[in-house]
Amino acid sequence: MERRKFLSLLGTSAGLAGAGALPQLAKAADKKWTVALVPGLTTDAFYITMHRGADAAAKALGVDLVFQGAPQWGVTLQVPVLQAVIARKPDAILIAPTDKQQLIQPLKQASDAGIAVITVDTFIGNGIYQTGSGDADFPLSYVASDNILGGKIAARALAKAIGDKGKVFVANTIPNVSTTDQREQGFKEEMKSHPNIQILQTQFNDDDANKAAALAQAVLARDADLAGIFGANLFSATGSANGVRAAGKVGKVKIAAFDAPSDIVDHLKDGTFEIAIAQHPGEIGYFGVVAAVAHLTGNSVPALIGTGFTVMSKDNIDDPNVKKYVYTG
Amino acid sequence: MAETGRARPLLDVRSISKSFAAVQALNGVSMQLEAGEVVALAGDNGAGKSTLIKIIAGVYRADGGEIVYNGENVTFETPHAARDHGIETIYQDLALADNLSIGANIFLGREPVRLAFGFLPVLDRGKMAEAAKATMARLDFEVDRVNAPVSRFSGGQRQAVAIGRAIYWEARVLIMDEPMAALGVPEQRRVIALIKNLRAQGKAIIFISHNLSDIFSVSDRIVVLRRGVLAGERRTSETDPDEIVRLMVGG
Amino acid sequence: MSTLSTPVAASRRTTLARISDLRAWLFLILLVVFFEIWAEVTYHSSFVLNPYNLQSISVFATAPLLLALGQTLVIISSGIDLSVGFTMGLAAVIAAHVSNLSMDALGLGEIPAMVLAIAAGIVVSLVPGLVNGWLIAHLRVPPFIGTLGMYGVTRGAAYLIAVGATVPIHNSAYTWVGNGKIGELPFIVLLTAIVVLATHYLLSQTRFGQHTYAIGANRDAAIRAGIDWRRHTIKLYLLSAICAGLAGTLYTGRFLAGAAQAGEPLLLDSIAAVVIGGASLFGGSGTVFGTIAGALVIAVIQYGLVFIDVEPFWQFVAVGVVIIISVLVDQSQRRLAGERQDG
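Chains as they are written, first to last, in this note's numbering: chain B, 1 to 329; chain S, 1 to 251; chain H, 1 to 343.
Heads up, none of these hints are tricks.
Lysine to aspartate or glutamate pairs mimicking EDC-like chemistry, simulated, CA-CA at most 20 angstroms apart:
| hint | chain 1 | residue 1 | chain 2 | residue 2 |
| --- | --- | --- | --- | --- |
| 1 | B | LYS188 | H | GLU311 |
| 2 | B | LYS249 | H | GLU184 |
| 3 | S | LYS54 | H | ASP220 |
No lab work stands behind these hints: they were computed from the structure.
As the structure is a prediction and not an experimental result, all values here were calculated from the model.
With the rest of the complex left out, here is chain B (with noise of 0.2 angstroms):
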């Protein structure tokens, strides 16, 4: 403590002196650091969230939280979001990357002048990082949501729900996205210790509802004892729902949703989707601040955070703890 007051009055003389002229001082010393936030698009209720929890732990310890990013995913509109962001100088940037190799050298230049990366939600390069081998290390950590976990938690779920035997699918979005991916693979792991479970061909709709709806239906008209899906992402998930209730199989065919909006839990108690796996979006947001404030103050942080999930169901959806984890706008 003491230690700390006569740095930030070191700090205090040094502006007062002259703005600069003790660079390696006045960084050191307890002055208000500026966290930028840079989501994978800023129109996303999962992003919005996760900015709120930023927030939360910005205001706790002190931090000035910048929140900057473009209205869609994509790497030409991240990019140019990140460089603008990288010119004002912040002490970290949190982002979400927008592609596993196409954000390495944009953010190897934020690093190179001394600026701390924290990737949230996607990762660079394989996601491991400060090992100490390969271009895309440099990272300080990745805060996300275990992926691969989430798909074995709902794979769980869904072999409990359809009493641990039948056919499944998993309806995914776009082939080579690191997180539905993760969420496909976790899920057909934990699928090899319910032997009675037949996973079939994973459908790929392009994101799109009316797309996945046609091709759970199609699924239907070939495979009719089909117990269960596994919808991926939201449209994945709503438009199997879709799919299903045309054919006339609500409650027949169960479906676990990957992601909480409430499009998805206020479907819960009509038996439309029987489970949703929550992420939980504030919490990435405020460890990845949290994260960037600990290694800005000298502490060291770990190079993988993983955080929680929340499995929603009919049965617990009421419950104030399991409520506050649907993802709001």
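Once you have looked at the hints, place chains S and H on chain B.
Relative to chain B, chains S and H alone:
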């Protein structure tokens, strides 16, 4: 010019002048046209042929002079006004919608409509096909496939469609810009026959051509322009290509 | 004097042209026969005589078909409308909000709220339609660029109004519009069929349709014939936007939520449907009849390949191949027509 002194020409163009910026395109040009007469407009490039027909067709307005049509002094503000008076221009590109039938082209912009089931307005395709057949027959062009798009027809047939559209709407004066250009020899002959046919039906025709043999094979009179002024006017039967060329080049 | 074309050449051309015009239906029949044989052999059941499959495929095809109908009009006039996807999304989001607001804030019943929601979604879609038409007709912006601009504007507007989430509705009347059936016929299929008939009438039986073809083939000819191509162009883009708006409002009823990105994946499908249906992107040709087949071809391929349990990536390959074949057929028949004209 004794031959122009007859009773009353259908179209009487009097001392027309027109300039574009510093360029005097036409300077006091006069010409007359009678029903059932074919006049060829000859002249070198830049002689003012196009400017003259565009003034008659209502595309340009003359700076000076007057046009007397059917005994009335007229000023056409737009091509539509000229067309409403029965003066139709057939440009080289023919202005056809290639994907539509002959009938649809004839009626383009003024399609006939009938009521189906007594309440639903629908295109009267029957009437369009009838008109197409009748009009093409009037031009001695038989078409077996009235419903085929005009893109399926040859250049001469398409020329006939463009002319057919004009005569269906009772054009009295037809202005044709290089009607024989871009056609093969047999097609040229057919268009020449077509023009003679129109003359026989009492239409008045002005056509621009660069080709003296075309001019001599179909026209009754030849009006020669040179650098915006009238270089001469001859009855086709009383002149020869050499004289026309001399008038054109100012020899 | 008679026609120059010999009867033989004429009949050969006509047959080819007819086949070309009907190629989307031929594709469709081939596909259905293929899936039918597969279903009979593998599952000992019928693919096509199964009402469930027919319902699924027809519902699947409604949204892309609605977008494709407006797109057909625009493409015939030698334009293109890239903004339909997000116009659909914008309408979906607006309709969801209006349904919620009119029930929660105005205290309206479900049916009036649903009517108001659908009306609002369609009315809002008029704005991008009007701007597209005005940009193209009056400012002479190329359609590709003008509608690309509106693609961005409608996209931004839709996301802003949705405030980053899908907008759930709680209106069972509206939900019925999206999911209800009259007997065995899904209501949205019935509604789409009505729009199909209206568009077919407009395009094939009215002066409006005739002028659309004329503008697409030769705009100068249309202008010289006294057609006001500017007003006409604005009307075409308005119609395209209305189709997208209707698709968007139906989406909200069907999926119980409005989503800004509802129509984004449908844009390319809508253009593909028109092209497979026999229209030329250069304008002047295309029919509603063809577009229906085009939309069904895409839907049947995607549905059928899942039905016979083929690796999912083949769906993309199959749709791509059909588009390419379709364009090749179009070009070869055009080339033949060209040769005859020159000869």
